[in-house]
Amino acid sequence: MKNPERLDNKLNGEKIYSIFSYVVVIIFAFLFTFPLYWIITGTFKTKVEILATEPVWWPSEWVLTNIENLMSKRSAPLFDFTIPALKISAFGYVFKLGSAITITGPTVPAAIRWLVNTVFMSVTSMLLTCLTAAMAGYVLAKKRFWGKTLIFTLVVCAMALPKQVILIPLVREMSALNLYDTIWAVIFPIVGWPFGVFLLKQFAEGIPTEMVEACRIDGASEWRTFTDVMFPMIKPGVGACAIFTFINSWNDYFMQLIMLTSTKNLTISLGIATMQAENATDFGLLMAGSALASVPIIIVFLIFQKYFTKGITMGAVKG
Amino acid sequence: MANKNIVLNMKSRKLMMRETVTSYLFLTPFLLFFVGFVIYPMFMCIRTSFFESTLGEKDVFIGLENYRTLYNDPVFWKALKNTMIIVFVSVPVTCAFSLWVASAIAKMPVIATSAFRCIFYLPVVTGSVAVTVVWKWMYNNYYGIFNFLGKEMGLIEKNINWLGDEKYALWCIILILLTTSVGQPIVLYVSALDNVDKSLVEAAEVDGATPMQAFWKIKWPQMMPTTLYILVITTINSFQCFALIQLLTAGGPNNSTMTIMYYIYYNAFKLYKYGYGNAMGVILAIIIAILSAVQFKLGEEK
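Here the protein sequences come in this chain order: D and Z. The opening residue of the first sequence carries number 1 in my numbering; numbering runs sequentially from there. The opening residue of the second sequence carries number 1001 in my numbering; numbering runs sequentially from there.
No lab work stands behind these hints: they were computed from the structure. Even glycine gets a Cβ: it sits at the ideal position worked out from N, Cα and C. Incorrect hints may appear among the rest.
[Stated by the list, open to error] Subject to a maximum C-alpha distance of 30 angstroms in a straight line, what follows is the list of computed DSS-like cross-link-like pairs (lysine-lysine):
1) D/K148 with Z/K1081
2) D/K163 with Z/K1081
3) D/K306 with Z/K1107
4) Z/K1198 with Z/K1297
5) Z/K1297 with D/K47
6) Z/K1107 with D/K15
7) Z/K1219 with D/K306
[To be verified] Examples of chain D residues lying across from chain Z (beta carbon under 8 angstroms, computed):
8) R74
9) P189
10) L286
Can you make the complete structure from the sequences, with help from the hints?
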């Protein structure tokens, strides 16, 4: 028989430990949220409070000067795109139909344009990645064909490789393709990154093959089988892939840094980094920029965090 | 009979052909991006590392010259040493810390678990630039809270220029790196702890195992694949630590925070030595591959 007193002691010890761990985790949680708190309060502090040697923990009055400052620093058109002139070369002659048309939007603060760029970049990468990865993941999981093992091996190997290794050749490739300093130079490599394929192959493998076969026997075309049967069933996986790509491309600073140069093409993180180089100690301005860069993505993360967590854990299975 | 077999064989081969063609049609969009913007540059990275290559000039083949220069470059060795310090400090600390946090929060009610999981993931979502900028302020010599708190608590006597001092700069960067790298491991460990076979743990408890024993003997071995995966991704992430260095110290003071990743960037995009940068990239990839292989070997043995 167990000694009741010892049992009591043991329970006490466990209790103390669990209270202790609660307290420590809460302390750490505070430390982890502090930088974000500091960004948001810093955005609304006056210059005096920001440069105080004794930190001001809570702004005594909330001012918008930093945000106004951020908005007036630089400006750029809200959007602009060019429709190139149609050129036909034949028999050594070049026929030119019309001339290039450039459509330019109204001038707005550069920060707004950067935000537009970032949203466009993240959304486009997300859509393209989900579509290509769902199609590729489906056949890699459910079809038998020549060269499958090779492709899958390449996918896994590429995932383990540091992305930055390919960046120098990528810059030259993009210049050769006339894509350097356009948002596409950032989007395309993200779409090519094989994590999404890996994730969705994992998901598609969980779908019973009979479902796909039954559909084929009923006479549906390959494309119909994919859109009407497969796609709805791997939707949770596609959701995870979407949110994962969205957040990662939003924050993919290195790629943006080397590909984008002109003011109107910057992303919001890159814009803040550029401002940081110019106004190193105007912390109010930098906090306002940081808030603009991080608050939208944090809200997206909080809304979809369930899918996000799923994406992280699914990617690790058998990883 | 034989004739029939041949006909069948022909049919199945035809079917196989069709299957292959359809599969490749489905794969084409992905392969276009994958080959064009991942595989081809990868190949080019290796190729260019044997060339003298710079902006606006033709590449000149120089064999292993880039690698030889690399071998004799003291800054490269310094960068390698710093990178190794970052990796060997941040990987174990990240793993241990996230394992502890995960096991502490996994026992809590579901709402608390997911709230804490979110909080520890926040620095990752916030984005490297925003995180770096705010830390730069906190480390600031005159207006930063670290100097204020340090003096208040009597830990330091006078203001320390955290990022400008060779003694502290690298450690300051490691601290930020830690806060941005525990998020994913915590998510993974929480789900791994959730998937541990509960009946085994209960059986052990009935047999009188202490929580510590139950953890190390039952749960830990079952979580080995997760630990392995975390080790590999944390190692890769620590090697790639770039934004922190670029925005905070640019490798300084006196190269004390120079890392391979930053040195590659510096050579390629400041000095335009593409070939040299690529040679370094190849070496970096080899080091990461070796470390990952070692981790897998160790994990398998256990």
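Check your understanding: Where does the structure disagree with the numbered hints, that is, which hint numbers, in rising order?
Key -> 1, 5 and 8
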